[in-house]
Each structure stands twice: as C-alpha cells, then as structure tokens.
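J.: Based on the hints, put chain B in the right spot on chain A.
Protein chains in written order, with the UniProt record's numbering: chain A, 1 to 727; chain B, 1 to 325.
These aren't lab readings, by the way, just hints derived from the structure by calculation.
Watch out, some of these pointers could steer you wrong.
[Unchecked claim] Result set (BS3-like, lysine-lysine): computed pairs, CA atoms no more than 25 Å apart in a straight line: (1) B:Lys298 to B:Lys2; (2) B:Lys282 to A:Lys685; (3) B:Lys17 to B:Lys208; (4) A:Lys277 to A:Lys609; (5) A:Lys589 to B:Lys282; (6) A:Lys675 to B:Lys2; (7) A:Lys589 to B:Lys208; (8) A:Lys609 to B:Lys65; (9) A:Lys685 to B:Lys65; (10) A:Lys657 to B:Lys224.
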Amino acid sequence: MQDAENVAAPEAAEQRSQSHVDRPTPAAGEAPAGQARDAASETGSEGSGGEPGGAAENGGADEPSFSDPEDFVEDVSEEELLGDVLRDRPQEADGIDPVIVVDSVPQVGPDRLEKLRNVIHKIFSKFGKITNDFYPEEDGRTKGYIFLEYASAAHALDAVKNADGYKLDKQHTFRVNLVTDFDRYMTISDEWDIPEKQPFKDLGNLRYWLEEAECRDQYSVIFESGDRTSIFWNDVKDPVSIEERARWTETYVRWSPKGTYLATFHQRGIALWGGEKFKQIQRFSHQGVQLIDFSPCERYLVTFSPLMDTQDDPQAIIIWDILTGQKKRGFHCESSAHWPIFKWSHDGKFFARMTLDTLSIYETPSMGLLDKKSLKISGIKDFSWSPGGNIIAFWVPEDKDIPARVTLMQLPTRQEIRVRNLFNVVDCKLHWQKNGDYLCVKVDRTPKGTQGVVTNFEIFRMREKQVPVDVVEMKETIIAFAWEPNGSKFAVLHGEAPRISVSFYHVKNNGKIELIKMFDKQQANTIFWSPQGQFVVLAGLRSMNGALAFVDTSDCTVMNIAEHYMASDVEWDPTGRYVVTSVSWWSHKVDNAYWLWTFQGRLLQKNSKDRFCQLLWRPRPPTLLSQDQVKQIKKDLKKYSKIFEQKDRLSQSKASKELVERRRTMMEDFRKYRKMAQELYMEQKNARLELRGGVDTDELDSNVDDWEEETIEFFVTEEIIPLGNQE
Amino acid sequence: MKPILLQGHERSITQIKYNREGDLLFTVAKDPIVNVWYSVNGERLGTYMGHTGAVWCVDADWDTKHVLTGSADNSCRLWDCETGKQLALLKTNSAVRTCGFDFGGNIIMFSTDKQMGYQCFVSFFDLRDPSQIDNNEPYMKIPCNDSKITSAVWGPLGECIIAGHEGGELNQYSAKSGEVLVTVKEHSRQINDIQLSRDMTMFVTASKDNTAKLFDSTTLEHQKTFRTERPVNSAALSPNYDHVVLGGGQEAMDVTTTSTRIGKFEARFFHLAFEEEFGRVKGHFGPINSVAFHPDGKSYSSGGEDGYVRIHYFDPQYFEFEFEA
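Excised from the complex, chain A in its bound form (with noise of 0.2 Å):
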C-alpha cells in the first residue's frame, strides 16, 4: 500500500516512523528549546577529531611541555600576536539572526539525505542564498527539524513569513521560526493579565425608527451632486428632514441590510452612522475604499480599495468585525469578478468567493476556510446562495462530452442535494426567490437543429422533495426576468424593442406551471417587485424615457399607465407602499428629481432637488411576527382600515385646512403690502401728473375727454374648420 504512494511522492517514504508530528509554535517554549540544546551537543558529538585539551593531558614523555608556568603573565597583547585571525573573528552582527529552523521535516535515513537536502534547498532558497544548513541526526536518522542560515537576516524573515506552513506533502508542513524567536518566546511571562474592561459605549436605541407612531418609513437623498446629504421622514403630504449634512459622504451611500447603519464613503475609509441623531458609530480605515458589502446578519462588512494591496499583506478586500470595528481578514484581489465578490449566506455563517476552477468557502467567525479545503469545480462559471438556507447554487458550462451541469450544494456537508445536467448550454443565470423556495436558473441554449437561441427556464422547487425541476421554454429574446418577492410568481419581459411582452407564470403546487396573463406592447425593461409581492412596476429605464406600468398580479390587472420622463431608478419602500422614481444626475443632467407613487400608481409628491443624485429607502429588519399573526392581520384588514381611513381624513381635513389658513395669511399680508403701496402711490398722483404735463394716467380710461376718435380697418378673415369626422 505504501509503495504506491511512495512512487508519487518520494518525500512521503519518510512518513514511517512518524513520531515528529506538526509541532505548535514555539510559543509553548519548551520543545523549541529542547532542540536547541540538541544541536548544540550534537555539534560537538560530531568533532571527530577528540579534545583538543586531551594532547597536553595525555602528552607524552618525548613531547616537550608547551604549557606556561602557573605564574606566568602575558606580556604579548592578543593584537600582536594574532591579529590577523582576531580581524575575522565573528562580529555581533553575524549572529543568529540570519539562523531559521524548520520543524516537521521528514525524518530520513542517510539514504535519502541528500535528496532531503536537495528539496529543502529548493524551497529555501527563494528567499535568500544559505549559507549554512544543519541536519541533526539520531540513530543515523534526521530528527524532523533542521537548521538553515541565511546570508542576511531579512531573508531568514523572508523565509518565516512566506515558508511558515508550506506544505510539503500530506503528512509535512513547515513551521518556520527564527531561531532568534525562541529567546524572545523564553521571556514571556506565566502569568496572565485580565485585560482591562473597555467602557461600554452607550450608542442609544439604534432601532429607534422602527418605533415611529405612524409606521413612517426612512429615506437618504443625495444631491447638489453628492455635496449634501439628507435623511427624510416618507410622508405622504411632504418628506420630513431628519438630517442635512454638507459633505457627509465623499461618493454614495449605503444602508446596512437589516437598516440599523448608514455607511458613508471616504478616501481614507468607511464610516457607519445610526441612532436617533446619526451619529457615527464606526470607522473603518481603508484607503481608497470603492465598495463594500455588508454581510446578512449586519456583523461582518467586506470592502474593497484596489490601492494598497501588497504580496505579503493582503489588504484589497478587508472582513470587519462591525461591532468591534476591528480587522478579521484580509484577501487578494486577483480577479476582476463582479461585485460583491464575497457572497454571504442568509445567516453570515458562511461567505464564499469563486475563481478560477475553484469555490472557496469561508466560515465566521474565524474567517478560515470551510474544512480548510477549497472545493475544486473545474470550469466553475458562477454560483449563488440561496437565500432561504446554507446552500449553494454553482453551475459549469459544457466540457467536450460531458454536458453542462447545474448543482445544489447543502454546506457545511458538501452533500449535493441536486444536479440536473443540461446540453447546448451557452450562459446560465441563477435567480432565486427571495424566500428560497424556488431557484430559477436561466439557461440560453442553442439547440441541435434550429437557428439561435432558445431560452429555458428551469425552474427547481426546492421545498419539495428530491427538488423537482420544471421548464419553462421560451423563443424571443428574454430582457428581463424577476421571482415575486414573497410569492411562488415570476414576470419575463421578452421580445424585441418596439414589440416588447411581459408575461406572469404562477408555480402551482400541483406540479404545473401556470401562464397567467401576458400583456403585449410594453414600454419597459425592468421590472420591479413590490417587497410584500403581488404589485409591480414595470419600467422603461433611461432609453425608454421613463414609461411605467403598475399592475396587480392577483388579478392581473394594469392599475395605473404613467410616465417619468428620463426616470433612472424606481425603489420601493421596504412595505410596499410606496413607489419612488428618480432621475439621478449621475445618468441625466437636467430635472433630476425623485417622486413618490403608491403601489397603485398614484402620483403623490413630486419632490425637485438640485442635482439630485441617488434615493435609498432605508431597509427594515424582517418582521418578528409569525406566519400565523400575520395571516389573522390579513384577515381583520378590515377593522384596521377603517382605523386608517379615519385618520388619513383627518389628516386630509387638516392639510386643506392648514392650506386655506397659510392662503388666508399669505393674502392678508400681501394686501397689508399692497395697502401700503398705494398710499404711497396716491401721495405721488400730483408728482405724476405733473410730469405728464397735467395728463392723469393713472387709469386706462382717466383721460377720455382727450381722446380723438380714429376708424381703423381691419381685414379679419373667417374660416370654418369642421370639428370631427360627422358621419
């Protein structure tokens, strides 16, 4: 059995008698030591050439006696009489500095010494030309550490930093220390020390908008071109600032998942706000910063600056502890994927990220590797984590004979729960609903036979057993596709511009897929969900001039045609009940505004602001109320609304009535101005008649005794256009 293994890796023969396993670091202090002192009486054991001390000893009656009388006193300084040697006598500075030692070595017979050697030598030397190597040796075996020394003491620190748990083969993996370590480990003190108790900051009731009365909602607007920034309160008469800041953010911001941050862009790094007066709550120094993510459960933030990244300190992409605000971990970007490159599980338990035929997944909170193992998935195109549980979605395109493939993975088991082949494959898409219980993966094909490319929808049910696959095929070129949020519904937007189709497909539980309505002639190519389902808007973004369509999907009914002319952006509010659509600066220079809708369609406010930038609802966390409680709210819908009903009247009544009285006082100031214009004006009627030379025209019509009568002509011609084709 062992041979076989020993063919591919020769290093491995010397597994055997494997008694030398991974050492800790030498922080424990006591093996590391131990070895020291073994080289160090080994070196000498190795001295063939016995003491020399032994000669004089031992010396014969025919040597004559070099030895100086016991009273005898150097009168020859040590300079003259061998300074030549003396001048090569080692310096301080050639000490151990410069001297490694490497544990977990394998252990080998002097057979294979020199191979040993050889390999060592090759790994070694990357860092540094050795000047020096020791094998310490026992029973004519290599003990499993070695000691290497380097020409400078920066290779030797080269060499820790870079050879530290370089791993030879399955059994060996180097540990790489300083020799000069070991004294500095040696002084480390027994006892502990508790840690001082950091004071515990008081950052208020961070949730405290959840708290509002009126269920109101938040929003952050950015204009004046991302010189201001401010925080509203949605209402449905005028948005109510909470906060205005200059210069708050230096390009956007971003609100965490669950609503509790508002995170703010800075050159030298991220800042995060909360509470009732946002006040800032955590900084993250990361130079250059251009994006970042935060991980579901609000924990963790990942950011990305592509300055500052160096081969030994990793520092592209930064994992933050946000509670802490310190550094967990920091990655490499050596890919150009697409942002966020991390992709976190629903919980933040897990995060992964994807290159080149591989699928690493990382584990919180101590940020290592899931199993210390990558997953090895050659040809690896993309891959997703559903949203409602810890698996992943990952799919690989054709290989020669083997067809393309689409894979569930439950983690942390790495079962494969799912794998549906699939052939002629060009791209695929994955789309969860936003609950997990469906995947929908979009598959572009170019089937044997037929000219372009048909589009399938593979639509996996994921609560079901053995998770059952459907298809939905389609013919004309797919724009767009969007699951209903809370709901087993899904809209495509397909056809060619101007021809345009939006269909809805219902899920069925009884196995079947559902066409339930299309609507033919849409000005639109995205579409937006409502948060709680059933509405959507359906958008003509940018090139469409902004048309949008609100339709309610129960009964499939379009609620409402209206237009925002040059619209960017349509965001829902985290309820679904409102609807804002926005022209950013950031895409169109002119009338940049944002305006609020009700899920119905219904235009409310139209809110202008100089070089309006960017509109984001702040989330919510989800409801802490169970299916149930929410299912009886449904039902009592009725009690409730007449509640609201009540108070959107009053609230109304008020409004109109606030209206009229500021009409009332505007009016009665402005007559009170004017009152006191005209008498000013009547004071002045002889001044003016005066250089009018007595002619008063204060009225049109003051001075008719001095008008002359004159008949003018007039050519007016008639013509009649008959209105309407009268039949």
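T.: Only chain B this time, still in chain A's reference frame:
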C-alpha cells in the same frame, strides 16, 4: 382662444413691449428689424429700419410719440413712433443692452455691455437739451465695474433706475447723482428681465436661477418668490389681477440636447400672493425670451427663441378662476 401668431422676425425675439394704452406692440429680435403691430389683430403697422445688428431692447414713452431701441451694432436710436423716422443716433463703444424713457418721457437712459475692453456704463440724456444728443454727451454716465447690467428699468417718478446684474444683484441708482441708493442680492444668477407693475410700486425680476421674484420698487424689499425648474427669461405682472406670468425654458444652447417635451417652454401663471402656479400656456417650441401683459389685462404676448410672437387672449375661465382661501 387661438393665439395670434406674429411672424415678423427671422431670428429669436429679444424683447416685446406694449405701449401705455396697449394698442401697439413693439417687438425686437436678433435681426436688425424693429416691428410695431396692432395688438388687437396682429397686423403689422410698420418697421423702424436702420439698425445693423441684433436689437436687444425697445421702449416707448408714455404718450407713444417716441420709440427707443438699443442694439448690438453699438448704437441706441430714437425714432418717431408714427412716421418711423430716425430722430437720433447715439453711438456707443459696446452693445446696448437695456434702454428706457423716464416717467415724463424727457430723459432716456441706456446701459452698455462690458465688451471688447469697454466697461459697462449707464448713460443718461435729457431730450430737452438737443446739444446732449448732437454731441453724444450724456449729462451723466454711471460706470459699473463689478458685474455688468443685464436688465434695467426706470423707478417710479423717474427718480432712480433699478438695474439687475449678471451676478444676480439688484441696484437702485439715483438718476440725479448716479450713486447707488439700495443694493440687494436675492438671486444667485443673472437677472434676465425686470418689469414694473402698472402702478410702478413693485416689480418682478426673472432670473437664470430658475426663479422670479417680486420686490418693492422704493425699498427693493423682497416680497415673493416664484419657483420653476428652468431658467426664467422674463416675467410680467397682470395690471388688474394678482397674477404674474413667467416665460423661460431650457437655455438655448442646451435645447438641442433635450426634446421639446421636457424643455418646458410654456408660459406659466402664478398667483402673486400665494406663490402657487395655476396655469400654463404651451405653444413655443423654444424658450420664451420675453413676456408682456396687455395693459387691460385681457391678453398677454410672448416672444420666443423660435422667432415667433404670440398674442394670447384669455379664456373666460381665466377670469373666473379663484384660489380657495
């Protein structure tokens, strides 16, 4: 009602003005023609020929005897209204931007552009003293160093002039001494137009900062603000209602980059006291450069970048409309 379209210019309209009685409408444009029309039917009465460049401004005196025009051909000209004869030619060093007769019709003022190394000046001539005209020697010349005058009118009784500047400032200059009596800055950008109310106690300014504002003409105290989304080129006060009409739109240089739908080239009506918009009139397919109310308040006219002047008679609903208050 269908508007009357006046097609008498080949270039964009720069200013339109009714005479005091309102029977005549004077229009000037970026072509050298000065037109006068019957306001009742839009028939052209005649032209005043002589200018060789764009005409920026026009004014008629109170008894409609004289007409004053200022042009980019570096001249200000006085015409006999009835015969069209040129009575005076006042040469200047730079383009004439604004001009006007005082209340009595005896003194004229005009302002010149800061241009080709010349400063912005306001010049005053007394028409009763022919030597001033003959020698082209104004009795007073106010230099204006900071920010050039883009719009100016005579104050009540001809005691002062009110000038709006490129930077949005408003100055009241004494017509006797030339000193600055009052200065305010309520606009953030260029003031394109100033028009007095019929009784001259207040005036409305139109600015590039997308607003029009109402001021008291004696104190220059700011009274009201009317907001739009586009630069306002001109604003006029109704003689008998608390209404103001605003004309403007996307700046001419930006028009090609946007469609007419969002250029917002409509004339917009606001209530003077409530600052609320209550009506719009579409028609021009370029920005409106000048608006004017007929002195009887029953019609208004607008002149646009498209080169047309439109006379609009109000529908009966306009007179019936009232705000709930």
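J.: Any hints this thing doesn't respect? Which numbers, in order?
T.: 2, 6, 8
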